[in-house]
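Trainee: Spelled out from the first residue to the last, the chains are:
Protein chains: 2
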Amino acid sequence: MNELKIFAPATIANVSCGFDVLGLCLDTVGDEMIIRKIAEKGIKITKLVGQDLPMETDKNVAGVAGLTMLEKLDLNHGFEIEIYKNIKAGSGIGSSAASSAGTVWAMNELLGKPFTAKELVSFAMEGEKLASGTAHADNVAPALLGDFTLIRSYTPLDIIKIPAPSKLYATVIHPQIEVKTSDSRSVLKQNISLKESIIQIGNLGGLISGLYTSDYDLIGRSLHDEIVEPLRSILIPGFKEVKESAIACGALGAGISGSGPSIFALSKGKEMAEKVAKTMTETYKTLNIDYDVHVSKINSKGCRIIG
Amino acid sequence: MNELKIFAPATIANVSCGFDVLGLCLDTVGDEMIIRKIAEKGIKITKLVGQDLPMETDKNVAGVAGLTMLEKLDLNHGFEIEIYKNIKAGSGIGSSAASSAGTVWAMNELLGKPFTAKELVSFAMEGEKLASGTAHADNVAPALLGDFTLIRSYTPLDIIKIPAPSKLYATVIHPQIEVKTSDSRSVLKQNISLKESIIQIGNLGGLISGLYTSDYDLIGRSLHDEIVEPLRSILIPGFKEVKESAIACGALGAGISGSGPSIFALSKGKEMAEKVAKTMTETYKTLNIDYDVHVSKINSKGCRIIG
Chain C
826 MNELKIFAPA
836 TIANVSCGFD
846 VLGLCLDTVG
856 DEMIIRKIAE
866 KGIKITKLVG
876 QDLPMETDKN
886 VAGVAGLTML
896 EKLDLNHGFE
906 IEIYKNIKAG
916 SGIGSSAASS
926 AGTVWAMNEL
936 LGKPFTAKEL
946 VSFAMEGEKL
956 ASGTAHADNV
966 APALLGDFTL
976 IRSYTPLDII
986 KIPAPSKLYA
996 TVIHPQIEVK
1006 TSDSRSVLKQ
1016 NISLKESIIQ
1026 IGNLGGLISG
1036 LYTSDYDLIG
1046 RSLHDEIVEP
1056 LRSILIPGFK
1066 EVKESAIACG
1076 ALGAGISGSG
1086 PSIFALSKGK
1096 EMAEKVAKTM
1106 TETYKTLNID
1116 YDVHVSKINS
1126 KGCRIIG
Chain L
826 MNELKIFAPA
836 TIANVSCGFD
846 VLGLCLDTVG
856 DEMIIRKIAE
866 KGIKITKLVG
876 QDLPMETDKN
886 VAGVAGLTML
896 EKLDLNHGFE
906 IEIYKNIKAG
916 SGIGSSAASS
926 AGTVWAMNEL
936 LGKPFTAKEL
946 VSFAMEGEKL
956 ASGTAHADNV
966 APALLGDFTL
976 IRSYTPLDII
986 KIPAPSKLYA
996 TVIHPQIEVK
1006 TSDSRSVLKQ
1016 NISLKESIIQ
1026 IGNLGGLISG
1036 LYTSDYDLIG
1046 RSLHDEIVEP
1056 LRSILIPGFK
1066 EVKESAIACG
1076 ALGAGISGSG
1086 PSIFALSKGK
1096 EMAEKVAKTM
1106 TETYKTLNID
1116 YDVHVSKINS
1126 KGCRIIG
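Read top to bottom, the protein sequences are chains C and L. Going by the numbering used here, the first sequence opens with residue 826, and the numbers climb by one from there. Going by the numbering used here, the second sequence opens with residue 826, and the numbers climb by one from there.
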């Protein structure tokens, strides 16, 4: 096998009370990539369609993630990568993570799986470091492992895959506005009250319990973020209306996807998730802001071979 | 049925990363109580053996918890209570909670179970309010529900029971020193860094995942408390040595039980828990501090009828 065509999924990081520790994998939104063994050593990006991103290996997240993996190997060949981006950069659903994760996942497949999923996460994190300055795992981990992932610890890296109940669906709306990562970071407080932290911990515990027991109501009751959402949501026009309308429509809960501007809702069943999508779009129609909207079950596998 | 003899279990609150949200129920340590219907209305404490505690109904946690339940009922009779304390007051393994929980649990049984477990928790919390000034649920919830309990929220009260893996055992050592509740509260910081909170959340998520999947290693890796333990452990002589020796001996992890001074360890299997008990006692022998030590599986039921 010298070539693979793969689907590299979009992901939702944070998931309300899971700020900086939780992520989930989408199934109907993602990039396509072709990864091919070539005689020349190293990594070459030969095609990049759909987004205006650098193609130089060391300036592209896919290139950097791939190079990080290559450093651990002693190969007499290299890889070339074609990237067909469907996930918009800066949308808040893991655009860079999909490219990083897809690259290392496909390379690992082509090489006969020398690396564990956890090792792949650590390679892909180097792509995230290039994209955002921080080697965070909350998008690359679900893109590689599927389902929900919990980052228990970074030192040492300890990622737990948590199965999603079969009827859990995500709706994601991406309002086409730019929220600078620097802005979404600068609004965060460096200190919080112990009381706020305890509320967040209670909800995170409830959410994880709800996932293991397929208790959709508990999942819904737990989808609160008292710490980050109140600050970051200010940067997203219409956030409050979209969230409230989604919940009023029947969503289990809603919040900011990653650092925004995308907003996600979780629902029980595809039908409800589609109804929620319709309701969420109404707000942006009123505000005259362009948007993309996606409905997806939770992807239990992560990256996959297609075509 | 006019009379019940029950076992009211000791409990471990907080459980390291679960500060203020988690608790677990013990099986071999607890009080015995007799609760009897009597013609006279109200609650009477007729016997209190083993600890020097007030017997006036409104000054005794069992009395107050019982009265709180009675307020919700229109009974033409009352109850008398005999309490045989085995759990020492101030030990940090839920002495007051056992009395409050035992009372309302037994009354509910005698009345044909008019109340849900959650309602019983809210009654028993009033006993805790008398004992410590705060109507906290982290001991009464596991005493009433068994297993591990998570307090997702207080407003509204939302308690989740989380099953413990069958081979999970607790070792608890109670050094016979007094730690004033006011001291163990005053050392707490009111504000913490967002970073500390995220570490705690990751571990709490890991611990809950480990419980659902019977992943003992993950339970062990998650038993850390970066926020409260470093502050409160200063009040417990020998804490660091006891904790380190327990883990070196093979315990999955160890920490402060409730607000101390008891120290708990969790182990896989009874044999290991007993080995850990032996190791933990060595430290207090060296320090010439008297101690009680208990080994117990996790009690999956909570209060129970005996005799």
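These aren't lab readings, by the way, just hints derived from the structure by calculation. Be aware that one or more of the hints could be misleading.
Which copy is meant is left open, because identical chains are indistinguishable; a pair holds if it fits in one copy or across any two.
To be verified - Straight-line C-alpha distance at most 25 Å; calculated DSS-like pairs for lysine-lysine:
id, residue 1, residue 2
1, Lys1020, Lys986
2, Lys1093, Lys986
3, Lys1005, Lys1020
4, Lys869, Lys992
5, Lys862, Lys992
6, Lys1093, Lys872
7, Lys913, Lys1005
8, Lys1014, Lys1126
9, Lys862, Lys884
10, Lys1065, Lys910
Trainee: I want to check one pair: Lys1014 and Lys1126. Are their C-alpha atoms no more than 25 Å apart within a copy, between two copies, both, or neither?
Mentor: neither (35 Å within a copy, 42 Å between copies)
Trainee: Can you give me the call for Lys1093 and Lys872, within, between, both or neither, at a CA distance of at most 25 Å?
Mentor: Neither. Shortest intra-copy (39 Å) and inter-copy (53 Å) distances fail the 25 Å Cα cut-off.
Trainee: When no copy is specified for Lys862 and Lys992, does a C-alpha distance of 25 Å or less occur within a copy, between copies, both, or neither?
Mentor: neither (39 Å within a copy, 49 Å between copies)
Trainee: Could you figure out if Lys862 and Lys884 sit no more than 25 Å apart (CA to CA) within one copy, between two copies, both or neither?
Mentor: Only inside one copy: Lys862 and Lys884 sit 21 Å apart there, 78 Å across copies, limit 25 Å.
Trainee: Given identical chains, is Lys1020 near Lys986, meaning Cα to Cα at most 25 Å, within a copy, between copies, both, or neither?
Mentor: Between. Shortest inter-copy distance 22 Å satisfies the 25 Å Cα cut-off; intra-copy 28 Å does not.
Trainee: At most 25 Å between alpha carbons: which applies to Lys869 and Lys992, within, between, both or neither?
Mentor: neither (40 Å within a copy, 52 Å between copies)
Trainee: With identical chains treated as interchangeable, where does the CA-CA distance between Lys913 and Lys1005 reach 25 Å or less: within a copy, between copies, both, or neither?
Mentor: Within. Shortest intra-copy distance 14 Å satisfies the 25 Å Cα cut-off; inter-copy 57 Å does not.
Trainee: Is it within, between, both, or neither for Lys1005 and Lys1020, if the alpha carbons may be no more than 25 Å apart?
Mentor: between (30 Å within a copy, 22 Å between copies)
Trainee: With 25 Å as the alpha-carbon cut-off, assign the pair Lys1093 and Lys986 to within, between, both or neither.
Mentor: both (20 Å within a copy, 22 Å between copies)
Trainee: Within a copy, between copies, both or neither: where do Lys1065 and Lys910 come within 25 Å Cα-Cα?
Mentor: neither (30 Å within a copy, 53 Å between copies)
In summary, the numbered hints that this structure violates are 4, 5, 6, 8, 10.
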